[in-house]
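Q: Read off the chains here:
6 protein chains.
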Amino acid sequence: MTDTPIGPVDGTKVPRYAGAATFARLPRIDEVGRFDVALIGAPFDGGVSFRPGARFGPSAIRQASRHLRPAYNPAQDVAPYAVIQAVDAGDVPCNPFDIDAALQQVDDGLAELLGSGGRPLMLGGDHTIALGGLRAVTRAHGPVALIHFDAHLDTWNSYFGADRTHGTIFRRAHEEGLLIRDASTHVGIRGPLYSAEDLVDDARFGFEIIRTDDVDRLGVEEVADRIRRRAGDNPVYLSIDIDVLDPAFAPGTGTPEMAGLTSRELLGLVRALPRDQIVAADLVEVSPPYDHAEITSLAAATLGYEICCLMARPETSTS
Amino acid sequence: MTDTPIGPVDGTKVPRYAGAATFARLPRIDEVGRFDVALIGAPFDGGVSFRPGARFGPSAIRQASRHLRPAYNPAQDVAPYAVIQAVDAGDVPCNPFDIDAALQQVDDGLAELLGSGGRPLMLGGDHTIALGGLRAVTRAHGPVALIHFDAHLDTWNSYFGADRTHGTIFRRAHEEGLLIRDASTHVGIRGPLYSAEDLVDDARFGFEIIRTDDVDRLGVEEVADRIRRRAGDNPVYLSIDIDVLDPAFAPGTGTPEMAGLTSRELLGLVRALPRDQIVAADLVEVSPPYDHAEITSLAAATLGYEICCLMARPETSTS
Amino acid sequence: MTDTPIGPVDGTKVPRYAGAATFARLPRIDEVGRFDVALIGAPFDGGVSFRPGARFGPSAIRQASRHLRPAYNPAQDVAPYAVIQAVDAGDVPCNPFDIDAALQQVDDGLAELLGSGGRPLMLGGDHTIALGGLRAVTRAHGPVALIHFDAHLDTWNSYFGADRTHGTIFRRAHEEGLLIRDASTHVGIRGPLYSAEDLVDDARFGFEIIRTDDVDRLGVEEVADRIRRRAGDNPVYLSIDIDVLDPAFAPGTGTPEMAGLTSRELLGLVRALPRDQIVAADLVEVSPPYDHAEITSLAAATLGYEICCLMARPETSTS
Amino acid sequence: MTDTPIGPVDGTKVPRYAGAATFARLPRIDEVGRFDVALIGAPFDGGVSFRPGARFGPSAIRQASRHLRPAYNPAQDVAPYAVIQAVDAGDVPCNPFDIDAALQQVDDGLAELLGSGGRPLMLGGDHTIALGGLRAVTRAHGPVALIHFDAHLDTWNSYFGADRTHGTIFRRAHEEGLLIRDASTHVGIRGPLYSAEDLVDDARFGFEIIRTDDVDRLGVEEVADRIRRRAGDNPVYLSIDIDVLDPAFAPGTGTPEMAGLTSRELLGLVRALPRDQIVAADLVEVSPPYDHAEITSLAAATLGYEICCLMARPETSTS
Amino acid sequence: MTDTPIGPVDGTKVPRYAGAATFARLPRIDEVGRFDVALIGAPFDGGVSFRPGARFGPSAIRQASRHLRPAYNPAQDVAPYAVIQAVDAGDVPCNPFDIDAALQQVDDGLAELLGSGGRPLMLGGDHTIALGGLRAVTRAHGPVALIHFDAHLDTWNSYFGADRTHGTIFRRAHEEGLLIRDASTHVGIRGPLYSAEDLVDDARFGFEIIRTDDVDRLGVEEVADRIRRRAGDNPVYLSIDIDVLDPAFAPGTGTPEMAGLTSRELLGLVRALPRDQIVAADLVEVSPPYDHAEITSLAAATLGYEICCLMARPETSTS
Amino acid sequence: MTDTPIGPVDGTKVPRYAGAATFARLPRIDEVGRFDVALIGAPFDGGVSFRPGARFGPSAIRQASRHLRPAYNPAQDVAPYAVIQAVDAGDVPCNPFDIDAALQQVDDGLAELLGSGGRPLMLGGDHTIALGGLRAVTRAHGPVALIHFDAHLDTWNSYFGADRTHGTIFRRAHEEGLLIRDASTHVGIRGPLYSAEDLVDDARFGFEIIRTDDVDRLGVEEVADRIRRRAGDNPVYLSIDIDVLDPAFAPGTGTPEMAGLTSRELLGLVRALPRDQIVAADLVEVSPPYDHAEITSLAAATLGYEICCLMARPETSTS
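Chains as they are written, first to last, in the numbering used here: chain A, 6 to 324; chain B, 6 to 324; chain C, 6 to 324; chain D, 6 to 324; chain E, 6 to 324; chain F, 6 to 324.
Only chain A is shown next, with the shape it has when bound in the complex:
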């Protein structure tokens, strides 16, 4: 890469609460000639089974990203926006009344970004949008290993006759051949299920489950190893449902589940993910009406930033 990337607005010149409303005050996609990573919003919550509100997720995450002082991340030893050109690509105008239309809009939006050779980082919206993302990504890269942080499996079959909702998308992804068998992992799973068969089905689809209790028992490093070993050298789609965090750390979400990960555990796991393999990512299920003092949207914004850092680090670094 020869050109110096255009970075965020300088927080020592323009107060962080002022100026551009883009993610981390990065340039808009139309302000740069090319990009490596594109943040894109998918304001949709038509697929939720409990508390809605995630349609306001993208704007809340962008607002919370004003908190970031993004120039240098010592934890990953990288100055991401000096290395990669990251941009804010705006929002996919998801149809609020038609799940399939919205999925197609997400698919189209990501396909356009992928066509430019960049990596999309999608800000939800509810988890339904991940199916649109996976479809676009696999057309560009072939089937992927899914690394999925969530309290819930999201491999149920259907709700009320709807096949594509925030709880069923990874069963659909499996059925559509979007996932590489035996390379995918759910992390942070907990809570009761609709049926004991849910686990049987999930295993049949080729997932491994790492429960919150397993994180207790194994520790963050061992869990990260398992995730990496399972993903192997495959292209990775990273999907983080913010409800993987305990409700204390992320109250602003639609289907909170007691006894989740702490923010330190989640950040430790994310920083240890395979890096160059990540071809796309999403951060979903931030529901601002249920947030307090921006703690949930700040967690999501920080995760978005850390994923950018992952993407900016050379694969051989070992920080």
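Mixed in with the good hints, there may be bad ones.
Where chains are identical, the list cannot tell them apart; a pair therefore holds if satisfied intra-copy or between any two copies.
[To be verified] Straight-line alpha carbon distances no greater than 20 Å define the calculated EDC-like cross-link-like pairs of lysine to aspartate or glutamate that follow:
#1 K18 <-> D238
#2 K18 <-> E202
#3 K18 <-> D203
#4 K18 <-> D113
#5 K18 <-> D105
#6 K18 <-> E181
#7 K18 <-> E180
The set of hints was computed from the structure by calculation and includes no laboratory data.
Given the coordinates of chain A, assemble chains B, C, D, E and F onto it according to the supplied hints.
A: Frame of chain A, contents of chains B, C, D, E and F only:
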């Protein structure tokens, strides 16, 4: 009516915050042999264009109805639950992912209540459900005069290709022949529109608009007269969108609009409505995630109670 | 009065959010030799029938009183704290588990203040404490005319076998001979009742009711006239339940009632009260857990200030 | 047990935010012939020394229990409501003004449930109600081992002359002979005390204290072992004060104490409790006015569900 | 004007909660060749004497402006964005630590807009910024008539040695010769003062005061007449402190004052202002940390929109 | 010390929510002849770069300190207020508009306390005030070892031309020679930086950084050892920015940072600090407008209490 109605749980025996979670702690529909008025929830918000959350409206209104000391209403000089048998008929299990399916469920649910000869009072839910209500009601009673309290006309044509949403239902009702021409009134209208044509269309559908400014100018009594004169002797469907109130009085709603009615104006208007003509009513657009200290759901619960009182008063009373 | 009163901390020298935590940053009672008016807290909510929390009322009202710039009140044309010595007398340590013990503590606390010749202004706490106040006041001054702002009559008989609660105190006051017959007024009454007999009883006890609807019809000036005429030349006990305001203006209260007074109406009425006759007053039912942005406690603090102004104005002034 | 239990309303047929307002949408007690476990509310907060509001605990916990997908709990490997008949027994109508009357009502309510052979799970309400529960339980089962999760000992002697409050009930229980000596444990204790003697007294009453620091040092498994060893084969009364959790995990409580358990620690400990020995349980001190986004009431609802699971597991299972 | 203005993003194509984060989703200033009206943020709260937070005002008002359906405003009979080119000019990067530096930045920012011939509409920030605005405006247009909506006079002299704060700016403006004598009006004034001299000073500076009580007495139309008569044919600077509204309508502000205007009164007054004379305007003192459900920022956004409508109406229209 | 200290108001006689508004209801400084430790508020937030509000910190921490039952702290085995005379010295009247003036006021306020031989414990306010504190302390005691709990280094150089802000004070302290080289430690550091040079600078100033990740790796005891070893026998200034806690534990702060310490870790570290060496301390950056249910201010109040306990323990105790 010969039997003494079964009234609410006695608040001097069981604290109001304890006991039955039904509306006003009235009996459930399965606890009585017959009923005059049935409260029924329609927890649906799949038709909203802005802030969702109205799916939690019915449970929040019921919880707020615990505030009521319902035995005697001096403003209407009636002890409603000693005169009519009111019941809580539970919730219509609206499909969250399919607007038309949900409308059919609402239609079926109200048809069943109407078949028993009682009058339904539906707790929303977003305004979309009113179309289901109107369909059931007109099958039972023929076309109706609509008395519609709202900040918005709800006679737009479609959003994002969806024809039945919370902003389009009364255009649909007109097209489906559910409304008596020139008998219907919108009250409390204010705020900007998508187009000046919106007013032309609305008039063409046979509505009269009483804007909030008109309430200022004419006063509550004259406005009530106009509504009554326009409704004539026709059967009336009463639809109250809680956003007819100013956001100060009803912050917990999806599309708040500055400069609305005060709670005293609204209550004054509701108490002056034609009475025996009301064949059904709805109270919609309470969105609990945006409420504070239950003030919005308390307003809705009080309105629900006052409508019961209207239905319980003999037509000749003049309080 | 010869000595210059010690006034509040100067807000142009010490920021209003700093310094003394007394009401309006007035001196503590132990800092002055004598006083005309004493603010005293009664942090008690053991008498409430619905939402508790008023035990935190006194500290919240004091905190909100920091908002006041109290030197000169143009609406009453008086610089109150230059005319009268007002003090903060701290809190009565009300027993949270024994209503009668708490009433005795309130009675003792006010008696001590009255014994010094000053006028108490009590910050509740729930309305139960008014009975303790009335007992102390009538021992000092004989029976009084009650001017009572409230959504509710508070002349019910008993709840769950308890005779002295926030809803029954004025029946008890009548029975105990604390009130002058036909001199007392309830203002702002609205909402349903436990029974139509409630009105009969209330009239029998010698009260007049001015409903919120009457305020609409008569206007603030006429209502104020009626209150004054009815009080005549008698000593007056002023009792303001903050729920006389509409929930939009006072969400932070225990038994909110839709369709109440506006803050301008209430302030207009309070400013027009008879002045030198007020021998004591209370401000009750502020429940901070249900407040937002201090609007309820600010209303109460402002009312407390305006009552001080009333007490500081010479009777012949006519502002 | 021969009949198939009636389980909760199916969340794939009726949205979880709709339908029955019972705990976990289980059947009401009057809908089934017999039951194994009965949830019962005790909406009382007349015994609190600081922030009230727990009277709204039962309705908030029931509302939060809508979040549960209760069919199968992989953590305990049990489908509880297919094994045991659980029911919602409604609320005890606790007298808000008379602690002893309320305790008698709780005692009567639980005695009735125990008389049917079922196990009560009481939803508070403040901790005072546990004394009523213990009295009923020991009449049925004899003295019990108490397993008590709490930030506070609750073995103080009296407040303001009141002997039965939320901070004194376990001293009373000891004095009344309701507890088996040297079988009971407090878990999660922390924070300052009124006096160093408090610890001496507590030991004298036969309790062992496991402080939050001990959980740090020993780990969840060892703590669970100690609790079980100490309880031995005795019948167990389980009492969980939600303030055992850190305020981050349970802000909605009356006497929060910094540095508490995490939700994972608490859930781990609860799942490791002795099972068939639990003859009754309570979940207390959820104060909804101080909660945010239902995180406290969701924690309580989840704990209620997990206790049902404990009660449904065969004693020989070892999950 | 020959070119068709570029209007807001179409809310029937892109959901209002998606897409551009500009005011009313209008184009950015760099997207159009010329403009008539420019919205510009001044995120500054370094001049407040009580509750801070107004630095987040511009982003909150922009977010709330998503609520608007701005195509046609029937109350003013104008389709503003089809008539004038309105743009969002972003934020002035106000120095948070140096009031005079921030004032200079505001002055420079507005001067640049005025230099293009457009009219600035500034979104605060605290009221201090109005002084920067007035300086820029009077350099372009000469001294102005100030139409000032506020609970407070803002003509105090200094706080803590600071001469330019949110309570002193209009005294400074007078001293600097920015205001036309006897053409300016304060509207909505209420509450106590630091001294009776405050009124004498204010009159000496050439202001007329219309108190909230005057609005009660005179009515909206007469008040509007007085404002207009006083402004005469002079160029007008319009300054709206959101605390002119009652705290019920605008809790999210720094120095709330009981008993303010209703939103209908304020909107009525604003719509009746002289139109072409308005050379610049500001909307200040929205403090989002104290807002609830966006009601304060929605009021500000609506006022911003209505001011655009004023500016778009031909002077001869009389709606 | 010969006299028995005057302790807090007795919580079994006066309810904790009643009575004195001093920290922990301790005596005011004017009520005692001498003191060992003085709590003093510094209500200032003019130095913040993001969310303001810390000016309300002192009053919120005092209000939250009502939760404490402070007689005996078993974790430190001390009855602090029986051993040392602790007092509340009120607030420094910090100038809100002039950082240097405010710093001088803090310096003067602390100098006066130090002159009496007592140890000040300052309640912020934003972190800027620590510079005033350090200046006063080093005049009395010479340069100090700084033990600094914070998410951020606070050794940046300047913002917007301001050299003394909440992010630059420890660089200034270093430059002014207030700190002993190589004796100071930052604990709890995390999050991104403005530049990689920030770390180089910080090391050059003689600080050691213990990151949150290090706490994970080393454990609380080892971290405490490092802090103590580094401080050696030097006098210690303890500075705790509440944002060292994770936002879940302390949402009410101005610059929250994901993935912080838990409250148990922080309390464990504070209890293990060197004791007699602490010559002064501050607790800063509590911003009440962003708090919920007092959890942040309660954490700060508890820390204030634990620091008093540290100061009360004899150095040889080993609890």
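Q: Does each hint hold? Answer for all of them.
A: Results for each hint:
no., hint, result
1, K18 <-> D238, "neither (42 Å within a copy, 41 Å between copies)"
2, K18 <-> E202, "between (57 Å within a copy, 18 Å between copies)"
3, K18 <-> D203, "between (53 Å within a copy, 17 Å between copies)"
4, K18 <-> D113, "between (37 Å within a copy, 16 Å between copies)"
5, K18 <-> D105, "between (44 Å within a copy, 16 Å between copies)"
6, K18 <-> E181, "neither (49 Å within a copy, 26 Å between copies)"
7, K18 <-> E180, "neither (51 Å within a copy, 24 Å between copies)"
Violated hints, listed in ascending order, are 1, 6 and 7; each of the other numbered hints is respected by the structure.
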